[in-house]
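**Student:** Construct all of the structure, not just a fragment, from the sequences and the given hints.
Note that the protein sequences, when read in sequence, are chains A and B.
Residues 38 to 380, numbered by the numbering used here, are exactly what the first sequence covers, in order.
Residues 38 to 380, numbered by the numbering used here, are exactly what the second sequence covers, in order.
Worth flagging that the hints you see were computed from the coordinates, not collected in a lab.
If a hint is listed, it holds; no wrong ones were tucked in.
Identical copies go unnamed one by one, so any copy, or any two together, can satisfy a pair.
Dumping the calculated DMTMM-like pairs for lysine to aspartate or glutamate here, alpha-carbon to alpha-carbon at most 25 Å:
id : residue 1 : residue 2
1  : Lys104    : Asp55
2  : Lys292    : Glu329
3  : Lys322    : Asp123
4  : Lys292    : Asp323
5  : Lys322    : Asp112
Protein chains: 2
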Amino acid sequence: MTDLVTLSIEDATTLSRDILRATGLSERQCEAVTRVIVRAQQDDCHSHGLYRLLGCVHSVATGRINKSAEPRVVDLAPSIVKVDADRGFSSLAYEHGIGPTLDKARVQGMAALAINNCHHFSALWPEVEPLARQGFAALALTPSHSWVAPAGGTRPVFGTNPIAFAWPRAEADPFVFDFATSATARGEIELHRRAGTDIAPGLAVDASGDATTDPAAALEGAMLTFGGHKGSALSAMVELLGGILIGDMLSLESKAADAGAGATPLHGELIVVFDPAVFLGGALKDNLHRAETLFGAILSQGARLPSQRRFEARRNALRNGMRIPRKLHAELLQLLPEPAFAG
Amino acid sequence: MTDLVTLSIEDATTLSRDILRATGLSERQCEAVTRVIVRAQQDDCHSHGLYRLLGCVHSVATGRINKSAEPRVVDLAPSIVKVDADRGFSSLAYEHGIGPTLDKARVQGMAALAINNCHHFSALWPEVEPLARQGFAALALTPSHSWVAPAGGTRPVFGTNPIAFAWPRAEADPFVFDFATSATARGEIELHRRAGTDIAPGLAVDASGDATTDPAAALEGAMLTFGGHKGSALSAMVELLGGILIGDMLSLESKAADAGAGATPLHGELIVVFDPAVFLGGALKDNLHRAETLFGAILSQGARLPSQRRFEARRNALRNGMRIPRKLHAELLQLLPEPAFAG
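**Tutor:** Structure, rendered in structure tokens:
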């Protein structure tokens, strides 16, 4: 017996869907949430993979998620689509809004998708990577709960406030990055707490504002941003564009609204889409080819592109299935409505 | 005699204009370049202030700047304005293109200004801050010359690749940041070299790829990005959006095109403008007010907002003039066509 359990994509999909169904979540939400969770697991993004189901189930149990949410799409302006997620999970709202947004980008050259009133739980790369595979460049950002202190401060103001970007490549996986503007992801600290291991120095302060490597103390105190005042500035930008500009909650407000329930944060998200075909016209192909000069210069010196590890994990998962800790698998099975095959 | 010379805004403006005129640069370019240089000096941004005139004069002397450049504005798509800077300095092209871009943003909700074929020498905040003072949010980015190694590498690929952002505040200076995605600005390393002082550790490697604090060795080797792989990812995004997307040069290409002449980089710039009035409609005022919760939470714990020091310097300069090193002032006077009042 190993400490890992291997699941096929079909196994993981069924497991996720059945767990979510058991919460009473609408079929369409179960499907949309499952799609991003399985994609994360298959890319070996453990903190956004099947592990995240624990948080989703808890979120539904708090009563804060609208289990039968019906996203409403509004054509706000020639370059802006708004989707009200109706207090459901973000994934279904994204799926409703992204088509009209791409249609606008193809005409206007660029367009924004503002998702409001959504419970966001996923990584952002599953939202931008597919756009790059369709030829678009895309930037996504979203606040979360106020867990992160600004540079020069010790008390939480910002969320982990991820920024993701994707760029299309003609004959390779897209260039994709997705990172928290906090020095680490909150999910990573939670995994350390579960594993009983220390976090690295420089990531967080405790409730008194003193540096700590204890994950539990960090979760009670404040995380720090990456890159000092520059990361802090970017995190503020995420609050302004992904919160204020779209008329949705700041991380401070979202945390207050949660009132200790520990549900996935309720707030908004902004996705900005650029259509290189409009920017470049007949010069599109030559320019996409020219971008390979950049990627080649990075790779040829032994440096890596962001997401490279993720794409390798995906190819491996498609061949060999994905592995999750046996302990997590057992916890997930507990969430099923009836005894199930333990794998 | 102090080591500083105090100049009024009028003094600095006249000095800059006269120095640029002496190079044969067209009157309109002299005016546009002088505006941004004096604004930087007045905000005590030394590396982009009057010091930068040395670089501008050298750039014109290399013959690479089109002294009589006439920017051409193209209405590329409903949300895209392009300006061909005609190989002149960026400032005049920006001034031509920004009005039509704001007009588009007011209708579409957002718009992009792509400046091509420009010699860029200024900070980016002078381009985005005025937009926030008119009620817009704006994001600007531009490549430079390949001086910066990607995370995990040791050889230059990226430029210093600044990102700037500005957000309007109803009753305060806008929220504005502008930072190099390199760990420091190249201008700062040059100032250390001039001053004969070491740079901090972690900013650069020498030509062999080894860490260095010697500014001359750093200038020969490669600078590093801020924030490890996250800063490196952002820097790549600047190359893609501020280079490939707008059909203009990568930092690698711009450096190669310079061929050792040491002129200000010739390439492009992307500015993305969001109109909060379109995004928010009747809820604009309430949301701008709500953003003050964020700024208050930062300031109330003793942390600072980016640009705060700059705005304080500006207020001081408006009252008391600006101070530049006497040595720099003497160098600048040498660039005047005839003996001038030495201040």
